[in-house]
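Spelled out, the chains give:
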Amino acid sequence: MPDEIKSPSASPAGEPKPTADQPAVSGGVKAADSGSVPSDSTVPAANAPSAKSEVPAKAASAAPATPPAAKPAAAAKAPVPTPVAWNSPMVAKLTSSYGSGIEPLTYAGQNYMVVDRSLIPELLQVLRNEEGFDYCVDITAVHYLQREKQFDVIWVLYSFARNERIRVKTQIRDGETLPTSVPIWTGANWLEREVYDMFGIKFDGHPDMKRILLPDGWKGHPLRKDYGILQQDNEWVQINLGIESGQ
Amino acid sequence: MAPVATPFFFYLFAAIMVIGGIMVITRKNPVHSALALIVTLLAQASVYLMLYAPFVAGVQIILYAGGIMVLFLFVIMLVSIDRSIRERQFNSQWVVGLIAATALGGLFIAVYTKGTNIFPEHALSIVESDNTQQVATMLYGQYMFPFEIASLLLLVAIIGAVVMAKKRI
Amino acid sequence: MESMLHITTLHYLVLGAALFLLGVIGVLTRRNVVIVLMSIELILNAVNLNLVAFSRMWGGLHGQIFAIFVITDAAAEAAVGLGILIAFFRNKETVNIDEVNLLKW
Amino acid sequence: MIDPNSSLSHLDLETPEKPFLDANELVINMGPQHPATHGVLRVILRLDGEKVLGLECVIGYLHRGVEKIGEHRTYTMFNPYVDRMDYVAAVSNGLGYCETVEKLLNVEAPPRAQHVRVILTELNRIASHQLWLGTHALDIGAITPLFYTFRDREEILKIYEKYCGARLTTHAFRIGGLQYETYSGFEKEVKNFLTFFRPKIDEYEELLTTNRIWVERTKNVGIISGKDCIALGVTGPVLRASGVKWDLRKAQPYANYKNFDFDIPIGQNGDTYDRYLVRVAEMRQSVRIIEQAVEALPEGPIMAKVPKVMKPAAGEVYHSIEAPKGELGYFIVSDGSTQPYRVRVRPPSFVNLQALDVMCRGQLVADVIAVIGTLDIVLGEVDR
Amino acid sequence: MGQVVQYIRSYLSSDQTPGAAGNMFWALVYIMLVFGGLSVAVIAMNWLERKILAHMQVRLGPMRVGPHGLLQPIADAIKLLLKEDIMPAEADGVVFWMAPFIVVLAAFTVFVVVPFGPTHAITDMNIGILFMLGVSSLSVLGIVMAGWASNSHYPLIGALRSSAQMVSYEVAMGLAVVSAILMTSLNAEGTGTLSMIGIVQAQQAQGEWFIFKFFPLGLIAFFIFAVAMVAETNRAPFDLAEAESELTAGFHTEYSGFRWSLFFLAEYSAMIAVSSIAVTLWLGGWLRPFPNLLNSSTWDLVFSLFPGVTFLLFAAMCFYNAVRMPKHPLFRIQTIGLAGFGVVLGLIGLVLFLPAVSMRVQDIFWFAAKVAGFMYLYIWYRGTFPRYRFDQLMQMGWKVLLPMGLGVLILTAGVALLQQRIWHP
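Protein chains in written order, with numbering that gives the first Met the number 0: chain A, 0 to 246; chain B, 0 to 168; chain C, 0 to 104; chain D, 0 to 383; chain E, 0 to 424.
To be clear, the hints were calculated from the coordinates, so they are not data collected in a lab. Values in this document were obtained by computation on a predicted structure and should not be read as measured data. In this text, a Cβ means the ideal position worked out from N, Cα and C, and glycines have one as well. None of the hints are false.
With the Cβ distance kept under 8 Å, some of the chain E side facing chain B (calculated, not the full set):
#1 126
#2 129
#3 132
#4 134
#5 136
#6 139
#7 162
#8 190
Could you put the whole structure together from the sequences, leaning on the hints where they help?
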């Protein structure tokens, strides 16, 4: 019975042969995997020069590289969702007290608010103490190289009492710092350290602001879009092995 | 079990004891001193066996070598010895000490050379086979009171040591 | 030579005296408290050796009994001495006997 | 749930308990090469004798830059990489990733695919808990349970192998559903496994639950209160053992978990023993879920309509699932191209590991081992 | 030639241990025999532990080297001897070098007084049990030295742990031993003995193993000893000193090759040594089961068949497994080897049926069988129990076993006194 149903689904692996042939199928998957492995080395190589030569175009370069025709086709299939305003009693309360600093939005059924950097410690404190967002799920950041305020810093918060998950998002410039939220949620400690490690965003008042995943002597912050992946390796090779080309 | 080749073993163990004793007081590292002392004590236990005192020998091994010296090693490991090894080993009045010890040695030599004759040539024979039983009888008979005092002393020592060494009582 | 090969009480006594002297020298000259305590153990052992040798000489067991008591005392002495040593080390961070110059700290 | 104005001073992680005697403070470096740190975790312990005054985790030895790799792969190509994070629960990782991208694409997997996903994920939960139980018991000194759990885990791996050809890093799911139809006899084998496995849970419990030494070693060890768990962001069985009845499968159901009937086992004291009991009870609940899912396995397609070249509209989505170790979240930012602009993984192990310091303060060295074991961390996921 | 036979005969009919008889030659022969036997026992124990543990854990254990891995211990020994002997750069050379030898020496020396039979001991000492306890406590020194000399944290903590543990459990162990020794004084003269042979003879004379004496006092004392001896040998569940999940390998972390194997050898011979003490004190040493209930000559004959039957059973096991071997040319050598081993065992078994041999050997057989029982217990513990924590271990030693030991000692003394003074004035 499943076999009949299977054919209309037209899954990538067409043959429905059971048990014995499964390894063969997985072999196909493995081939796809291993096909991606060589590109692992080529992609950074391609990135490194671009990071050096033309800095702003880098982030956008991925999209134009693919055929532009594919984009409208994909868009036509599913209606493009856009963020819409998010209305709730809590949001109303917050906007009334903070005014235009908060822009509450909903995207794909998920609520988030873009807030001004100046509101940050206060608003998070209010969210935790008064609105019951007692669980800081995650703190992370996104780098937009061509924007003036280069970084989005995002707090993912959850409230056990309301069973609700929201995101707080703020935008900061490169080199700007943020106040720490460790006094608000103890668990923010490592998360903020990881943001610092990966993006170089410092958090003022953090008890132990140092790298967490990368070694202390690491140069640069890898998740920035202008980070040259080979830079660290090349430097090491040049210094320690004395090879000028770095490879 | 009669001792065999007594002179040979006596001189062997005596040499071990004296060399061990010298090592105890000359080593820089207290751990080495302690090990030398253990060797001395074990050799002395063998000498006790030659003196028909097997029970004392057993006590010597189990208490001295197995108990007290482990305590010493423990303490040496607790207190860091790195500093003391690098320091001067002998104190400032070592000359006085040596002179006093030499004088005492001279006294011993004088006494022993004078008094050679007061010691009987041949030791009296004692039965070794039930040494333990005899010691037990005396310890729990004639020496009952000292035995109890000794246990009291040990109790006091335990309490004293705990009070002294414990951080918070 | 004959006297060398025939082990008498005197031999044991001389051995005991040698150990005793070594112990005295250790106590008087060393600075490390641990080694001083070990030298005291040497002295006690020298005494024990004499006691057991005398016990053998007279064919009685009193000497051995006394030796056992001395071993008991040695255990007590070691426990208290090392306890003091630890307390001392904790306060002064040294095991140098020259610095034990206060009755109270 | 918590007093919002409560002081967090008891969780002050930076001021160490002042030892009476500094000279006796011993700093021990445990790991990264150590048999009980479950990989390459390095813990710097400050000890007073055997008592732990504080500790610091040094992580990152297994950092492979998964998030950076994600920015240079298409959505489909990145799918196998997530298996390499929590490699003992690869299926759960894949489920989280696929569902997040599906959310971004605004598609939903067909019901049959959802059912198979639930079956495989719950089998994976059992396998992960088995591996945890074996290694945790090994840390505490009981060597035999390890072999028992591995013997039974083998049966799960066999099912995986038959289904998708891989045993550990399975890459079982695809964005939009499944690639492979289940093999013939899949349902029967899963059912056989369940009947085989149920008495085995009793066997594990027989070895450990009432074992005096086990109880002494785990009771009142590594206690963490529900409040502290929430403050630290600790999730999963650790949170539940502290008495907080929270499971994403119930709280915010994903896949089709809302169709299944199961309980959330919780503990009371939040100690190592409770965490053990909770995980064992979770294995039983997983068995229940799988049973229902296999019974009700619907017919139908296994793949939703997804474009061959995936280009989600620009936007960002956070989606999380209840992995065996806690909340596993993916935050994906799309710029409308074929590659994610940013992939953020919220790993449960990483956040849970933060609680190690709180749980170990004032305990003994041997308890640190027990607590590391009971947190159930996988360094591949901590370091990514 | 005839003289040699005569000499051996004269010895065989002797009723003294060679040490007691002052017979240096036979003492040396015995030393060779005991230490040779001990080494074989340790090797066999190595194989058995791995095999039994493996079967407890649903796996096979060594199967590659020799049939059913029988040659595995020998391969291991060769590997260990050929391995590089590493000494840490900052280690204290002399102490590091000496430590394993002290441990081995302490573990081996105790066998001087172990009585495998009324005449099968190297010597019989007046202070036998005291000697055993004292010398076995010397191994603490070696462990402390090893831990300290390695100049590394894990060995140091391991050494401190294990020495604290051994010293603590010695107390409870001593109390249990004393209560057994008290039982030896229940004779006409009212004097007990510390001699190992004397203790077994006292059990023979009283017609009762001390484990059943003053039920349940003897049993409790035995239990205390049985717990303390596991702690004393640093074995699971008291293997804190070498807790691999905490301290990697404890005091011998830094050791390798030959020196490591010395620690291994010492551990196993210490296990055998303490088991021998337990067997001697409570389980009647070399005495066969039911010496007083089934003491007719028929039963004597029946029990004298046991050694031979046991070996024949082993031989039968070998043949059974040889038959079960896969019928493949690759396994031919293994099959032949296993069958050959079975033949050897069977021949030994047949020789043991000869009355002259069986009379001399059955003491040793019963002693060894009892010790083997303890060895199995050790393996069983290891397969079953998790590990105690250090404070729990200390608590158990000082707060449970020590008061129990004191209570048993006092009660035993009281009952013994009553028996002597009131029931049998």
